[in-house]
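Sequences and hints are given; from them, build the entire structure.
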Amino acid sequence: MNIIVLIKQVIDVELNLRIKDGALVEDGLNYVISSWDETAIEAALQLVETVGAGEVTLITIGPERASDALRKGLAMGADKAVHVLDSAFDGSDSFAYARGLAKLLETREYDLILAGKQAQDTDAGLTPSMLAEFLGLPQVTNIVKVDQAEEGKMVLHRKGDHGNEVIELTLPAVVSVNDSLNEPRLASLRGIMQAKKKPMETMDLAAIGGDASLVGESGRQTKIISLLEPEARQAGKKFEGSEEETSKQVIDLLLNEAKIFA
Amino acid sequence: MDFTLTAEQKAICDNVAETCGKFSDAYWLGKDTTGDFPIEFHQAMAKGGWLGITMPDEYGGSNLGLLEAALMMHQVARSSGAMSAASAIHINLFGPHPIVKFGTDDQKKRWLPELIHGETKVCFGVTESNAGLETTAIETSAVKTGSRYYVNGAKVWTSTAQQANKIMLLARTKPKEDCLNRIEGLSLFYTNLDRDYVDIRLIDKMGRKAVDSNELFIGDLPVPEEDLLGEEGKGFQYLLHSLNPERILVGVEAIGIGQNAIARASQYAQERVVFGRPIGQNQAIQHPLAESWMELEAAFLIAMQAASLYDRKEPCGLKANAAKYLGGEAGFKACTQSLMTFGGMGYAKEFHVERLLREVLICRIAPVSPQMILNYIAEKALGLPKSY
Numbered sequence: 001m002n003i004i005v006l007i008k009q010v011i012d013v014e015l016n017l018r019i020k021d022g023a024l025v026e027d028g029l030n031y032v033i034s035s036w037d038e039t040a041i042e043a044a045l046q047l048v049e050t051v052g053a054g055e056v057t058l059i060t061i062g063p064e065r066a067s068d069a070l071r072k073g074l075a076m077g078a079d080k081a082v083h084v085l086d087s088a089f090d091g092s093d094s095f096a097y098a099r100g101l102a103k104l105l106e107t108r109e110y111d112l113i114l115a116g117k118q119a120q121d122t123d124a125g126l127t128p129s130m131l132a133e134f135l136g137l138p139q140v141t142n143i144v145k146v147d148q149a150e151e152g153k154m155v156l157h158r159k160g161d162h163g164n165e166v167i168e169l170t171l172p173a174v175v176s177v178n179d180s181l182n183e184p185r186l187a188s189l190r191g192i193m194q195a196k197k198k199p200m201e202t203m204d205l206a207a208i209g210g211d212a213s214l215v216g217e218s219g220r221q222t223k224i225i226s227l228l229e230p231e232a233r234q235a236g237k238k239f240e241g242s243e244e245e246t247s248k249q250v251i252d253l254l255l256n257e258a259k260i261f262a
Numbered sequence: 001m002d003f004t005l006t007a008e009q010k011a012i013c014d015n016v017a018e019t020c021g022k023f024s025d026a027y028w029l030g031k032d033t034t035g036d037f038p039i040e041f042h043q044a045m046a047k048g049g050w051l052g053i054t055m056p057d058e059y060g061g062s063n064l065g066l067l068e069a070a071l072m073m074h075q076v077a078r079s080s081g082a083m084s085a086a087s088a089i090h091i092n093l094f095g096p097h098p099i100v101k102f103g104t105d106d107q108k109k110r111w112l113p114e115l116i117h118g119e120t121k122v123c124f125g126v127t128e129s130n131a132g133l134e135t136t137a138i139e140t141s142a143v144k145t146g147s148r149y150y151v152n153g154a155k156v157w158t159s160t161a162q163q164a165n166k167i168m169l170l171a172r173t174k175p176k177e178d179c180l181n182r183i184e185g186l187s188l189f190y191t192n193l194d195r196d197y198v199d200i201r202l203i204d205k206m207g208r209k210a211v212d213s214n215e216l217f218i219g220d221l222p223v224p225e226e227d228l229l230g231e232e233g234k235g236f237q238y239l240l241h242s243l244n245p246e247r248i249l250v251g252v253e254a255i256g257i258g259q260n261a262i263a264r265a266s267q268y269a270q271e272r273v274v275f276g277r278p279i280g281q282n283q284a285i286q287h288p289l290a291e292s293w294m295e296l297e298a299a300f301l302i303a304m305q306a307a308s309l310y311d312r313k314e315p316c317g318l319k320a321n322a323a324k325y326l327g328g329e330a331g332f333k334a335c336t337q338s339l340m341t342f343g344g345m346g347y348a349k350e351f352h353v354e355r356l357l358r359e360v361l362i363c364r365i366a367p368v369s370p371q372m373i374l375n376y377i378a379e380k381a382l383g384l385p386k387s388y
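Protein chains in written order, with this note's numbering: chain A, 1 to 262; chain B, 1 to 388.
Hints in this document: simulated from the structure, not taken from any laboratory. For every residue, glycine included, the Cβ atom is placed at its ideal position computed from N, Cα and C. Check each hint, because a few of them may be wrong.
What the hints assert, rightly or not - Derived lysine-lysine pairs resembling PhoX-like cross-links, with alpha carbons at most 25 Å apart:
hint	chain 1	residue 1	chain 2	residue 2
1	A	Lys-196	A	Lys-80
2	B	Lys-10	A	Lys-80
3	A	Lys-80	B	Lys-47
4	A	Lys-198	B	Lys-10
5	A	Lys-197	A	Lys-80
6	B	Lys-10	A	Lys-197
7	B	Lys-109	B	Lys-47
What the hints assert, rightly or not - Just a sample of chain B residues kept apart from chain A, beta carbon distances all over 10 Å, derived:
hint	residue
8	Phe-3
9	Ser-62
10	Ala-381
As the list claims (entries may be wrong) - Chain B stretches covered by chain A per the calculated footprint, using a threshold of three residues with CB under 8 Å from any CB of chain A:
hint	stretch
11	12 to 18
12	46 to 58
Now the structure itself:
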């Protein structure tokens with residue numbers, strides 16, 4: 001089974017992020033693979049291990065530093081990587097990225113495209129669906145379990161609003177994963193050392209046959225015009241006095257301010 | 001002069017930090033309380049292949065240099081496990097070096113793969129109570145009868161002997177009075193730590209509680225001649241090869257612990273509000289932490305320089321000793337300052353900085369005292385007369 005995994009390098013949200021003048025302060029940031037995408041890599045590695053044949057190819061669109069993310073995926077065990085590196089993609093939204101990816105994947109052969117259900121930075125969750133549309137492929141989102149995978153067919157569990165749906169899917173297809181699907185493996189030292197010998201292809205827009213008017217700022221349909229700090233949490237209220245007095249105060253606030261019984 | 005890490009070196013740092021990050025403050029505080037060996041951590045590091053980082057690849061290692069080992073140990077010590085985490089695996093990196101350098105192919109085949117996979121654990125029987133820094137004064141003897149040596153004596157400060165099934169043992173095979181010079185007549189063995197002949201007594205100690213330190217009483221321990229490393233009588237010279245790496249590693253470990261401490265202190269200083277402002281807004285709090293940050297960064301650079309010299313097979317003694325001295329002192333100062341930043345809370349175990357202070361102290365004491373390093377630098381770098 002040949003699997004493409006789409007990964008995105010994002011800002012490590014565990015560090016303190018600062019916003020200034022409607023934009024993120026880039027200084028001192030750390031970049032990681034979006035955690036849902038790591039789940040997708042693990043899922044791909046497990047599928048190839050289970051089926052016993054095939055290979056895992058990682059694809060990312062991103063700046064120079066995004067190659068670190070690819071190398072980490074290779075160290076986890078993926079077989080090869082493609083880095084689409086072109087400043088023409090600067091300012092892309094999900095739509096423009098999906099169009100770029102579709103262009104690249106048009107000419108490639110694969111059984112399955114896996115991706116995280118959303119990226120940790122934008123939380124948009126649009127790219128896999130748009131890509132499926134551009135490629136004319138079936139897709140399942142938010143999967144939490146793989147029951148069966150064989151030539152041309154998969155049975156998956158998708159987390160829906162009212163419980164898990166068990167879905168049979170014909171391949172090739174686009175599948176996006178929920179992070180409860182698995183616990184991504186840590187790269188071993190051996191994996192890290194082997195990663196540098198694995199093929200990593202760097203391609204610009206022309207190499208993937210892309211059109212500069214369809215990606216980046218000219219290809220996007222939406223634009224983030226400003227970033228705002230999340231509202232600071234308000235301080236709690238402290239009640240003092242006897243149990244009777246404080247419980248009265250609490251009930252009064254629940255009834256009249258929070259209106260939880262209304 | 002290029003200070004950039006390669007992609008692999010950066011990946012090593014990230015992946016070690018990630019592996020160590022799976023072990024929480026609560027895990028390490030628990031180990032500090034019970035004194036239990038961090039076996040889960042040791043296994044995770046073995047599984048990732050980290051124990052073989054400096055071992056030859058034909059035996060399952062990764063054949064990397066001291067620089068990579070130092071980057072790794074810096075991250076390990078920087079994690080919540082501090083010296084307990086570092087010491088649980090540290091010995092694997094350069095302890096078995098005499099096997100790599102002086103062992104026969106058969107010995108390497110017998111011993112290295114098990115060490116790399118974490119299946120055997122080795123301890124070091126070198127120091128004795130009457131021979132600390134003066135290693136050549138050791139009294140433990142090995143007398144050959146037929147195809148076996150019989151070892152008698154006592155060792156002290158042997159780490160991980162409670163866990164170990166192998167021991168790297170230094171013993172006198174030729175009486176001191178028959179030797180031409182003091183470094184002669186000592187032999188190095190790598191053999192089974194057979195508890196029928198070795199009494200192992202735990203030393204209760206201040207810090208690094210999860211990794212045991214012991215006294216060993218050895219009585220007629222039989223050692224087959226195939227467990228002798230290299231030539232008889234040259235054991236001390238073989239050990240010297242591991243000294244500089246050990247100093248560099250202890251230096252970066254102290255630096256890692258200090259960096260962890262000041263990160264915790266800075267976080268606390270931002271959150272703790274007294275008289276209407278975070279205490280970290282006061283220069284009396286900021287300046288000592290800023291000073292520690294600079295000292296740790298500077299010590300780290302000299303450690304990296306020393307490691308790079310070692311890997312290029314250039315003389316590195318001065319820089320290796322300086323790295324251990326500066327790292328140990330800066331780490332200690334950073335941990336002390338961090339505890340003081342927390343004030344009373346720093347004295348409580350749940351804030352972890354008192355543990356880091358207890359953990360870092362060993363890096364000042366071992367493997368060589370700061371005073372002996374000053375003696376060495378005065379003599380070797382400044383050309384002053386030897387003082388001891």
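- prompt: So which hints don't hold here, by number, going up?
  reply: 9
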